[in-house]
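Asker: Please put together the full structure from these sequences, using the hints given.
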Amino acid sequence: CYKITTVFSHAQTVVLCVGCSTVLCQPTGGKARLTEGKCGI
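In case it helps, my numbering puts the sequence shown at residues 1178 to 1218.
Check before you lean on any hint, since a few could be wrong.
What follows is a set of in silico ranges between Cβ atoms, one per label pair, in the way DEER data are often shown [claimed, not checked]:
1) Q1203 x C1178: 24 to 32 Å
2) I1181 x Q1203: 13 to 21 Å
3) I1181 x E1213: 13 to 21 Å
4) Y1179 x G1206: 25 to 33 Å
5) Y1179 x G1207: 28 to 36 Å
6) T1183 x T1205: 17 to 25 Å
7) H1187 x E1213: 18 to 26 Å
8) T1205 x T1182: 17 to 25 Å
9) R1210 x K1180: 16 to 24 Å
Calculated from the structure, these hints are not laboratory results. Glycine included, every Cβ here is placed at the ideal spot set by N, Cα and C.
Answerer: Below, the structure is given as structure tokens:
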């Protein structure tokens, strides 16, 4: 998947890729934690 998504470090919700719905980050109460691995279809 080659969609570009901007994720802010203080995101309060789970952020999904608009192209393939992969979870890109999860909130932790402070800074959001990026999901490891690759976004792909």
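Asker: Decide, hint by hint, whether the structure agrees.
Answerer: Results for each hint:
Under the hint 24 to 32 Å, the C-beta atoms of Q1203 and C1178, about 18 Å apart, miss the expected range. Under the hint 13 to 21 Å, the C-beta atoms of I1181 and Q1203, about 20 Å apart, fit the expected range. For the pair I1181 and E1213, the beta carbons lie near 19 Å from each other, so the given range of 13 to 21 Å is met. Our hint of 25 to 33 Å for Y1179 and G1206 holds, since their Cβ atoms are close to 31 Å apart.
Judged by the Cβ atoms, the range 28 to 36 Å given for Y1179 and G1207 holds: they are separated by roughly 30 Å. In this structure the hint that T1183 and T1205 lie 17 to 25 Å apart at CB holds, the actual value being about 19 Å. A hinted range of 18 to 26 Å for the beta carbons of H1187 and E1213 is consistent with their spacing of about 20 Å. Between T1205 and T1182 the beta carbon distance is about 18 Å. The supplied range of 17 to 25 Å therefore holds.
Checked against the hint of 16 to 24 Å, the C-beta distance between R1210 and K1180 comes to roughly 20 Å, which is consistent with it.
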